[in-house]
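Peer 1: Sequence:
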Amino acid sequence: MLIDLHTHTYPKSDDSFIDPDELIEAAKSSGLDGICLTEHDAFWTQEAVDALSRKHEFLVMPGCEINTDAGHLLVFGLKEYVFGFHRPSFLRNALKQKGALAIAAHPYRRRFLEEPGREPEARAEMLRRAGGDSMFKFCHAIESVNGRGSAVENCFSQDLGQQLGIKTTGGSDAHKLEQLGTAATRFKNTIAGLDDLIKELREGRFEAVDLRGNNHEAQ
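Here the sequence shown is numbered in the numbering used here, starting from 23 and rising by one per residue.
None of these hints come from the bench; they were simulated from the model. All C-beta atoms in this analysis are idealised placements derived from N, C-alpha and C, irrespective of residue type, glycine included. Check the hints yourself; a few may be wrong.
[As the list claims (entries may be wrong)] Capping the alpha-carbon separation at 27 Å, the derived lysine-lysine pairs in BS3-like fashion look like this:
id: 1; residue 1: 159; residue 2: 77
id: 2; residue 1: 50; residue 2: 34
id: 3; residue 1: 210; residue 2: 118
id: 4; residue 1: 77; residue 2: 34
id: 5; residue 1: 159; residue 2: 118
id: 6; residue 1: 118; residue 2: 50
id: 7; residue 1: 159; residue 2: 101
id: 8; residue 1: 118; residue 2: 198
id: 9; residue 1: 50; residue 2: 159
id: 10; residue 1: 77; residue 2: 118
id: 11; residue 1: 120; residue 2: 50
id: 12; residue 1: 159; residue 2: 198
id: 13; residue 1: 210; residue 2: 221
id: 14; residue 1: 34; residue 2: 198
id: 15; residue 1: 198; residue 2: 77
id: 16; residue 1: 120; residue 2: 198
id: 17; residue 1: 50; residue 2: 210
id: 18; residue 1: 101; residue 2: 198
id: 19; residue 1: 77; residue 2: 221
id: 20; residue 1: 50; residue 2: 77
id: 21; residue 1: 34; residue 2: 118
id: 22; residue 1: 210; residue 2: 34
id: 23; residue 1: 101; residue 2: 34
id: 24; residue 1: 120; residue 2: 159
[What the hints assert, rightly or not] Using C-beta positions, here's what the derived DEER-type ranges look like:
id: 25; residue 1: 199; residue 2: 73; range: 38 to 46 Å
id: 26; residue 1: 151; residue 2: 172; range: 13 to 21 Å
id: 27; residue 1: 211; residue 2: 108; range: 27 to 35 Å
id: 28; residue 1: 108; residue 2: 79; range: 33 to 41 Å
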């Protein structure tokens, strides 16, 4: 199954230009098998996404993109935003208590500078520093294919995942309709809902896919 784990809709994400219904219909047309709604520091209820799934006869699952002091995390299995989630240690404890998990979104941000990163020594130092970030220690995956990231940025994320020994995912990070269908995650088994998604992410039965054809899919 091909699922986009990283999308944004308006008004829950105020920087998005996509209506939820438009997003779902576009996802169906693009060949995806499902999407996750991961708004900025805001959650959809399970009841709301179930209603969207029934309306469009398409798999829709809730998540959230949480802005922490160390970067952005896609979380699955939490139901509401709690003050303190901006602190990675606080969020880590909440994930553990609820049986939820996190994926590091676009990990190249704050960690990789494209121009100096063209120099092998500078790039290696950026990877070394990023690899020491404690936030990654409680992530089940990192996003190696971000639909809004450049090929060079995504390659850095892929190399970071390999360095850390963490599997990687893909997601469009769509804020506009034309950004949908650029990246996704392929799952080996059928995903029928959020519980299945969390199980398969924990078991590592997935791979990142660049739907634009760039040659840096996760191995």
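Peer 1: Taking the hints in turn, state whether each one holds.
Peer 2: Hint check results:
1. In summary, the hint linking residue 159 to residue 77 is not supported, as the alpha carbons are separated by about 39 Å, beyond the 27 Å threshold.
2. With a C-alpha separation of about 21 Å, the suggested pairing of residue 50 with residue 34 holds against the 27 Å cut-off.
3. Our distance criterion of 27 Å between C-alpha atoms is met by residue 210 and residue 118, whose separation comes to about 25 Å.
4. Pair hint residue 77 plus residue 34 holds up; C-alpha atoms about 19 Å apart against a cutoff of 27 Å.
5. Taking the CA atoms of residue 159 and residue 118, the gap is near 13 Å; set against the 27 Å cutoff, the hint holds.
6. Straight-line distance between C-alpha atoms of residue 118 and residue 50 comes to about 33 Å, which puts the hinted pair past the 27 Å bound.
7. A C-alpha spacing of about 23 Å is found between residue 159 and residue 101, which places the hinted pair at or below 27 Å, so the restraint holds.
8. The straight-line distance between the Cα atoms of residue 118 and residue 198 is roughly 33 Å, outside the 27 Å bound, and the hint therefore fails.
9. The straight-line distance between the Cα atoms of residue 50 and residue 159 is roughly 35 Å, outside the 27 Å bound, and the hint therefore fails.
10. Distance restraint check for residue 77 and residue 118: the Cα-Cα separation of roughly 33 Å exceeds the 27 Å cut-off, and the hinted pair is therefore not satisfied.
11. Note on residue 120 and residue 50: the hinted pairing is violated, with a Cα-Cα distance of about 31 Å set against a maximum of 27 Å.
12. For the hint pairing residue 159 with residue 198, the CA-to-CA distance comes to about 32 Å; that exceeds 27 Å, so the pair is violated.
13. For the hint linking residue 210 to residue 221, the alpha-carbon distance of about 12 Å falls within 27 Å, and the restraint holds.
14. With a C-alpha separation of about 14 Å, the suggested pair residue 34 and residue 198 falls inside the 27 Å cut-off, and the hint holds.
15. As the CA atoms of residue 198 and residue 77 are separated by approximately 22 Å, the hinted pair is consistent with the 27 Å bound.
16. Of the pairs offered as hints, the one joining residue 120 and residue 198 is violated, with about 32 Å between alpha carbons and a cut-off of 27 Å exceeded.
17. Between residue 50 and residue 210 the alpha-carbon distance is near 19 Å, which keeps this suggested pair within the 27 Å criterion.
18. For the given pair, residue 101 sits about 25 Å from residue 198 by alpha-carbon distance, which is consistent with the 27 Å threshold.
19. A hinted pair counts as satisfied when its Cα atoms are at most 27 Å apart, and residue 77 with residue 221 qualifies at roughly 26 Å.
20. For the proposed pair residue 50 and residue 77, the alpha carbon gap of about 13 Å is at most 27 Å, so the pair holds.
21. Proposed proximity of residue 34 and residue 118 is supported: the alpha carbons are some 26 Å apart, at most 27 Å.
22. For a cut-off of 27 Å, the pair hint linking residue 210 to residue 34 is broken: about 31 Å separates their Cα positions.
23. Distance check on the hinted pair: residue 101 and residue 34 sit about 14 Å apart at the alpha-carbon level, within 27 Å; holds.
24. Restraint check for residue 120 and residue 159: the C-alpha separation of about 18 Å stays at or below 27 Å, so the hint holds.
25. In this structure, residue 199 and residue 73 break the distance hint of 38 to 46 Å, their C-beta atoms being roughly 21 Å apart.
26. Judged by the Cβ atoms, the range 13 to 21 Å given for residue 151 and residue 172 holds: they are separated by roughly 20 Å.
27. Checked against the hint of 27 to 35 Å, the pair residue 211 and residue 108 passes, with Cβ atoms roughly 34 Å apart.
28. Look at residue 108 against residue 79: about 37 Å separates their beta carbons, and that is inside 33 to 41 Å.
In this structure, the hints that do not hold are numbers 1, 6, 8, 9, 10, 11, 12, 16, 22, 25, in rising order.
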